[in-house]
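Q: This is what each chain is made of:
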Amino acid sequence: QKEVEQDPGPLSVPEGAIVSLNCTYSNSAFQYFMWYRQYSRKGPELLMYTYSSGNKEDGRFTAQVDKSSKYISLFIRDSQPSDSATYLCAMSTTPGGGNKLTFGTGTQLKVEL
Amino acid sequence: GAVVSQHPSRVICKSGTSVKIECRSLDFQATTMFWYRQFPKQSLMLMATSNEGSKATYEQGVEKDKFLINHASLTLSTLTVTSAHPEDSSFYICSALRDDPSEQYFGPGTRLTVT
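Chains as they are written, first to last, in our numbering: chain A, 146 to 258; chain B, 927 to 1041.
The hints are simulated quantities; they were obtained by calculation from the structure and are not laboratory data.
There could be a bad hint or two in this list.
As the list claims (entries may be wrong) - Derived lysine-lysine pairs resembling DSS-like cross-links, with alpha carbons at most 30 Å apart: (1) B:Lys990 - A:Lys187; (2) B:Lys981 - A:Lys187; (3) A:Lys255 - B:Lys990; (4) B:Lys981 - B:Lys946; (5) B:Lys990 - A:Lys212; (6) A:Lys245 - B:Lys967; (7) A:Lys201 - A:Lys215; (8) A:Lys212 - A:Lys147; (9) B:Lys992 - A:Lys187; (10) A:Lys255 - A:Lys212; (11) A:Lys201 - A:Lys187; (12) A:Lys245 - A:Lys201; (13) A:Lys201 - B:Lys981; (14) A:Lys187 - B:Lys967; (15) B:Lys940 - B:Lys992; (16) B:Lys990 - B:Lys967; (17) A:Lys187 - A:Lys245; (18) A:Lys255 - A:Lys215; (19) B:Lys981 - A:Lys245; (20) A:Lys147 - A:Lys187; (21) A:Lys215 - B:Lys981; (22) B:Lys992 - B:Lys967; (23) B:Lys946 - B:Lys967; (24) B:Lys946 - A:Lys245; (25) A:Lys245 - A:Lys215; (26) A:Lys147 - B:Lys967; (27) B:Lys967 - A:Lys215; (28) A:Lys255 - A:Lys147; (29) A:Lys201 - A:Lys255; (30) A:Lys255 - B:Lys946; (31) A:Lys212 - A:Lys201; (32) A:Lys212 - B:Lys946; (33) A:Lys147 - A:Lys245; (34) B:Lys990 - A:Lys147; (35) B:Lys967 - B:Lys940; (36) B:Lys981 - A:Lys147; (37) A:Lys212 - A:Lys245; (38) B:Lys946 - B:Lys990; (39) A:Lys147 - B:Lys940; (40) B:Lys967 - A:Lys212.
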């Protein structure tokens, strides 16, 4: 069993839809949770960073962490074609992944006009 | 924001040759940098942690004699793929750790193709 599980997709939605992306994990030591966006043939870009359980909102993006269920989510409201990318969840036992980041496989998202 | 560059962005080499990839933190100093490998439609897999002035720490299953890492300054780490083979073809991504706040910033990646 992988430490972090993420549905690879692809996920196709119409413009304006609410997108829900999810990851589950097995290591209860993970305390810090991140979502990265990766465009094709580019490096990952940090979108959201949360610590422990709870919600965090930044513009159209909301990150949720449920440590009791070992489940994290990223919601994208009013999705745009420019949101089309691969979204990777990542987790760490130390702040900011100073020790090591463990990534999910990434979910490929396509937002269609 | 923090910027990390990689050079080259793409390289094609023949089997048996060595290739060097550079990772630079452009506007901050990084005592720690990380090297990842990503196969198509797969996740980033950490290869090694590079610490300035000391030996790199390799993940299990990564051959340290094949993937040579040098972190000679606070802004530069290099990965050399020695005696490259077609199975080494992949997307190599580095990240640099900024201390305050603690966060990894990723480079744009290097596409290596070994023919």
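Q: If a hint holds in the structure, say so; if it doesn't, say that too.
A: Status of the hints after comparison with the structure:
A distance of roughly 26 Å separates the Cα atoms of B:Lys990 and A:Lys187; the hinted pair therefore holds under the 30 Å criterion. Taking the CA atoms of B:Lys981 and A:Lys187, the gap is near 28 Å; set against the 30 Å cutoff, the hint holds. A hinted pair counts as satisfied when its Cα atoms are at most 30 Å apart, and A:Lys255 with B:Lys990 does not qualify at roughly 38 Å. Pair hint B:Lys981 plus B:Lys946 holds up; C-alpha atoms about 17 Å apart against a cutoff of 30 Å.
In summary, the hint linking B:Lys990 to A:Lys212 is not supported, as the alpha carbons are separated by about 36 Å, beyond the 30 Å threshold. A C-alpha spacing of about 21 Å is found between A:Lys245 and B:Lys967, which places the hinted pair at or below 30 Å, so the restraint holds. Taken as a hint, the A:Lys201 and A:Lys215 pair is honoured in the structure, with Cα atoms around 17 Å apart against an allowance of 30 Å. Pair hint A:Lys212 plus A:Lys147 holds up; C-alpha atoms about 17 Å apart against a cutoff of 30 Å.
Restraint check for B:Lys992 and A:Lys187: the C-alpha separation of about 25 Å stays at or below 30 Å, so the hint holds. Distance restraint check for A:Lys255 and A:Lys212: the Cα-Cα separation of roughly 28 Å lies within the 30 Å cut-off, and the hinted pair is therefore satisfied. For the hint pairing A:Lys201 with A:Lys187, the CA-to-CA distance comes to about 26 Å; that is within 30 Å, so the pair holds. Taking the CA atoms of A:Lys245 and A:Lys201, the gap is near 22 Å; set against the 30 Å cutoff, the hint holds.
For a cut-off of 30 Å, the pair hint linking A:Lys201 to B:Lys981 is broken: about 38 Å separates their Cα positions. Proximity of A:Lys187 to B:Lys967 is assessed by CA-CA distance (about 13 Å); at most 30 Å being required, the pair is judged to hold. Between the alpha carbons of B:Lys940 and B:Lys992 the distance comes to roughly 16 Å, so the proposed pair stays at or under 30 Å and holds. With a C-alpha separation of about 25 Å, the suggested pair B:Lys990 and B:Lys967 falls inside the 30 Å cut-off, and the hint holds.
With a C-alpha separation of about 20 Å, the suggested pairing of A:Lys187 with A:Lys245 holds against the 30 Å cut-off. With a CA separation close to 26 Å, the supplied pair A:Lys255 and A:Lys215 stays within the 30 Å bound. Taken as a hint, the B:Lys981 and A:Lys245 pair is honoured in the structure, with Cα atoms around 17 Å apart against an allowance of 30 Å. With a C-alpha separation of about 24 Å, the suggested pairing of A:Lys147 with A:Lys187 holds against the 30 Å cut-off.
Under the criterion of a C-alpha separation no larger than 30 Å, the hint pairing A:Lys215 with B:Lys981 is inconsistent with the structure, at around 35 Å. Distance hint between B:Lys992 and B:Lys967 is fulfilled; the C-alpha atoms sit about 24 Å from each other, no more than 30 Å. Restraint check: the Cα-Cα separation between B:Lys946 and B:Lys967 comes to about 24 Å, which is no more than 30 Å; the hinted pair holds. Distance restraint check for B:Lys946 and A:Lys245: the Cα-Cα separation of roughly 23 Å lies within the 30 Å cut-off, and the hinted pair is therefore satisfied.
Between A:Lys245 and A:Lys215 the alpha-carbon distance is near 18 Å, which keeps this suggested pair within the 30 Å criterion. Taken as a hint, the A:Lys147 and B:Lys967 pair is honoured in the structure, with Cα atoms around 16 Å apart against an allowance of 30 Å. Using a Cα cut-off of 30 Å, the hinted pair B:Lys967 and A:Lys215 holds, with the two alpha carbons roughly 24 Å apart. Taken as a hint, the A:Lys255 and A:Lys147 pair is honoured in the structure, with Cα atoms around 25 Å apart against an allowance of 30 Å.
A threshold of 30 Å between alpha carbons decides the hint, and for A:Lys201 with A:Lys255 the separation of about 24 Å falls inside it, so the pair holds. Restraint check for A:Lys255 and B:Lys946: not satisfied, since their Cα atoms lie roughly 34 Å apart, outside the 30 Å limit. About 14 Å separates the Cα atoms of A:Lys212 and A:Lys201, which keeps this hinted pair within 30 Å; it holds. For the hint pairing A:Lys212 with B:Lys946, the CA-to-CA distance comes to about 41 Å; that exceeds 30 Å, so the pair is violated.
Between the alpha carbons of A:Lys147 and A:Lys245 the distance comes to roughly 16 Å, so the proposed pair stays at or under 30 Å and holds. Restraint check: the Cα-Cα separation between B:Lys990 and A:Lys147 comes to about 24 Å, which is no more than 30 Å; the hinted pair holds. Using a Cα cut-off of 30 Å, the hinted pair B:Lys967 and B:Lys940 holds, with the two alpha carbons roughly 24 Å apart. Of the pairs offered as hints, the one joining B:Lys981 and A:Lys147 holds, with about 28 Å between alpha carbons and a cut-off of 30 Å not exceeded.
A hinted pair counts as satisfied when its Cα atoms are at most 30 Å apart, and A:Lys212 with A:Lys245 qualifies at roughly 19 Å. Distance restraint check for B:Lys946 and B:Lys990: the Cα-Cα separation of roughly 14 Å lies within the 30 Å cut-off, and the hinted pair is therefore satisfied. Taking the CA atoms of A:Lys147 and B:Lys940, the gap is near 34 Å; set against the 30 Å cutoff, the hint is violated. Restraint check: the Cα-Cα separation between B:Lys967 and A:Lys212 comes to about 27 Å, which is no more than 30 Å; the hinted pair holds.
Hint violations for this structure: numbers 3, 5, 13, 21, 30, 32, 39, all remaining hints satisfied.
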